[in-house]
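**Student:** This is what each chain is made of:
Protein chains: 2
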Amino acid sequence: MVELIKNGSVTSAKGFVAGATYAGLKTQDEDALDLCILLSERPTAVAGTFSTNKVVSPSVTLSRQRVAEGSVRGVVANSGCANCCVGPQGLEDAKEMATLAARHAGVAAEEMLVCSTGMIGVELPMALIRQSMDAIKVSADGGPRFSRAIMTTDTREKQMAISLELDGRTITLGGAAKGVGMIHPNMATMLSFVATDADVEPVFLQSALREAVDASFNMIDVDGDQSTNDTVLVFANGAAGSPTIESGSASADGFKEALTYLCVGLAKDMVRDAEGAQRLIEVVVGGAKTLGDARTAAREIASSMLVKAMVHGRDPNWGRVMMALGKSGIDLDESQVDIFISDIHIVHEGIAIPYFKDAVISAMSSPEVRFGVSLNSGGATATAWGCDLTEEYVIFNSAYST
Amino acid sequence: MVELIKNGSVTSAKGFVAGATYAGLKTQDEDALDLCILLSERPTAVAGTFSTNKVVSPSVTLSRQRVAEGSVRGVVANSGCANCCVGPQGLEDAKEMATLAARHAGVAAEEMLVCSTGMIGVELPMALIRQSMDAIKVSADGGPRFSRAIMTTDTREKQMAISLELDGRTITLGGAAKGVGMIHPNMATMLSFVATDADVEPVFLQSALREAVDASFNMIDVDGDQSTNDTVLVFANGAAGSPTIESGSASADGFKEALTYLCVGLAKDMVRDAEGAQRLIEVVVGGAKTLGDARTAAREIASSMLVKAMVHGRDPNWGRVMMALGKSGIDLDESQVDIFISDIHIVHEGIAIPYFKDAVISAMSSPEVRFGVSLNSGGATATAWGCDLTEEYVIFNSAYST
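In order, the protein sequences belong to chains A and B. Heads up, the first sequence is in this note's numbering, so the first residue is 1 and it goes up one at a time. Heads up, the second sequence is in this note's numbering, so the first residue is 1001 and it goes up one at a time.
Only chain A is shown next, with the shape it has when bound in the complex (with noise of 0.2 Å):
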């Protein structure tokens, strides 16, 4: 139903175009870009969500008020600095910014909301911003650049699109993110775009943002931290002619499936990229009493540093899942649950069965473990993404001043 597109970007929905260049806020190389926008040809609806963060980027105290207001066109992004902890200069610098960008792209100041990701406590160069943006040229292929202009730590470009058949329709969603790594003297900044050519009523589609989220962007972990500067935003301009899609409708479920399935491909994307991460952990919870519990289970497991460092070795020591699973505080009946290694059957009813350590081993070094845990004690299943604690991380994170 779903079709993914080959070298879809951003602007694989139509109506959409995105540019990027080089401002001089990251450090040069081949290739660099620091500075980009999106938008869209046409009016659009908007939906995001933000850091809960209690300190949060002036970008995002922006953007979310801009969102709210529901009448916006397109994002300005910047890597490289996170404008954020830098006082009350943070909000009007985030201001200059978007009507920087607005002028260029024709539209009012405050159809453009804004994205900074990078360095903590230090001001935007707006002088650099000013003299380059003009330099960004938007176009319909122009996504791949965006995804680019928006990595720090990033090793690759994260952007996926899909297409489906809605109402006899083919509608498109476009996606780009940049994830969690963090280099010296960089925090990591989750942000991702999503760009939609169906036409989507804008509270329906806050709901469904929200929804595709919690079961994607919110179940991924690498490091238990969370970012001042966090944002997901997803645009649909109805650019593809198909009717309007809101609760309630026929095609509400298979747009919301949708949405989903591109946040999914990104937050794996992002989990896969993480800072010396070699594995990607999966953690499927099932036959719990709620979705809720599902999920805080998956995630506590997928967390745990306990867990992360032993995927790192291959070590089956499946008391370490037990431990997390208890840690999560969730309804457990101890004598109900079965654990499983990428798919070797390693713990009945809560008691370890005799298995071949060697073929566990070996199913753990693939480049993705799988948990399976079935609390035997209801209906709800979730899904967690994490990846594996390496030295690497740790020297990466640490980045020696001396």
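Some hints could be false.
Partial list, derived from the structure: chain A residues whose beta carbon lies under 7 Å from chain B [to be verified]:
no., residue
1, Phe50
2, Leu91
3, Met323
4, Lys327
5, Glu334
6, Gln336
7, Glu391
Residues from chain B that keep clear of chain A, each with C-beta distances beyond 10 Å, as calculated [stated by the list, open to error]:
no., residue
8, Ser1071
9, Cys1085
10, Glu1110
11, Asp1167
12, Ser1227
13, Lys1289
14, Phe1340
15, Asp1343
Pairs of lysine-lysine, DSS-like flavour, derived with a Cα cap of 30 Å [unchecked claim]:
no., chain 1, residue 1, chain 2, residue 2
16, A, Lys26, B, Lys1137
17, A, Lys54, B, Lys1357
18, A, Lys6, A, Lys268
Please keep in mind that the hints were generated in silico from the structure rather than gathered at the bench. The beta-carbon is built from N, C-alpha and C at its ideal position, and this holds for glycine as well.
Since chain A is already given, all that's left is putting chain B on it; use the hints.
**Tutor:** Just chain B now, kept in the frame of chain A:
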């Protein structure tokens, strides 16, 4: 007021004896001990706090129940095996181990508590425990051997004792602890035992222990994971001959302070000995609206992987402290926050101030790195302790199977 006793141990207080033997539960090396008893020679008050993990060892279940019943004379502890996730056999084994120890010590079976630490998912080798229990010789100078027998991957014994004057009498508190370090196939368990010759009313003893644990063991973090077997026990046998201490009595606060002092000392010693750790991190959050806020914020900073990694690298990347503070979710005015690293003022009213980076790097090179955070919005203060994140931690805890 409180005096440190040189070479003090868990048997420094009057009327307590302890002893240990090697039963074969751990790999044998020189001086290996793995089975031990701590005993009050006379009736004693007892209080305990236990793991809040939903999956707990039957040793915890049994001890929790017997502490609640109140008639206790001592505890038998083993290292090498956690007696956890082994089905109904676990409770049978815990009971038998207590009975064997009680018979050897000449007290009633129900008067003996049980603590286990070590690998999850394997049964206690009861044959070894049966044949070794009577080899334990308890004596007033057996404290150091007791401390050694509870070690798993600890690199040294953790013990201390203090004395103070209360109501014109000298009372003594001795303590032993084992900490948080994990090497395959063990999982970390925090065990701590305090024995005092003060006469303490049991309900007050429990509340004093709760307060002391909240300010000590609950304020340390190594890796955010929580064991199935964590236990802190305090025995108060009245052998010092001082008046009964109870809620509202003149010496109640003095006793609480002394108990907290001892628990903080043992807790910090655990963090210092954490796997792979090279530096102790002390985080003091002041000016908070409530004690709960101060504790939450201090713990969040001390347990952030990014903060741990920056301490390892001596990198004054204060944005990570601000990020962790925001992530803690406490009520917060960013524009009021001041941050100090080992007394050097780094951030004033939420904005970086120019500081001499070399001096901060130099301060961060010492074995203890202090973060001071002033919220400037109230009068509450709390302290948390953590350790740096090192490559060695990852190597130890991944324990390559191949």
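**Student:** Each hint: holds or not?
**Tutor:** Comparing the hints with the structure gives:
no.: 1; hint: Phe50; result: 13 Å, violated
no.: 2; hint: Leu91; result: 12 Å, violated
no.: 3; hint: Met323; result: 6 Å, holds
no.: 4; hint: Lys327; result: 5 Å, holds
no.: 5; hint: Glu334; result: 5 Å, holds
no.: 6; hint: Gln336; result: 12 Å, violated
no.: 7; hint: Glu391; result: 4 Å, holds
no.: 8; hint: Ser1071; result: 29 Å, holds
no.: 9; hint: Cys1085; result: 5 Å, violated
no.: 10; hint: Glu1110; result: 25 Å, holds
no.: 11; hint: Asp1167; result: 42 Å, holds
no.: 12; hint: Ser1227; result: 7 Å, violated
no.: 13; hint: Lys1289; result: 13 Å, holds
no.: 14; hint: Phe1340; result: 15 Å, holds
no.: 15; hint: Asp1343; result: 18 Å, holds
no.: 16; hint: A:Lys26 x B:Lys1137; result: 68 Å, violated
no.: 17; hint: A:Lys54 x B:Lys1357; result: 27 Å, holds
no.: 18; hint: A:Lys6 x A:Lys268; result: 18 Å, holds
Hint check: violations occur at hints 1, 2, 6, 9, 12 and 16; the rest are consistent with the structure.
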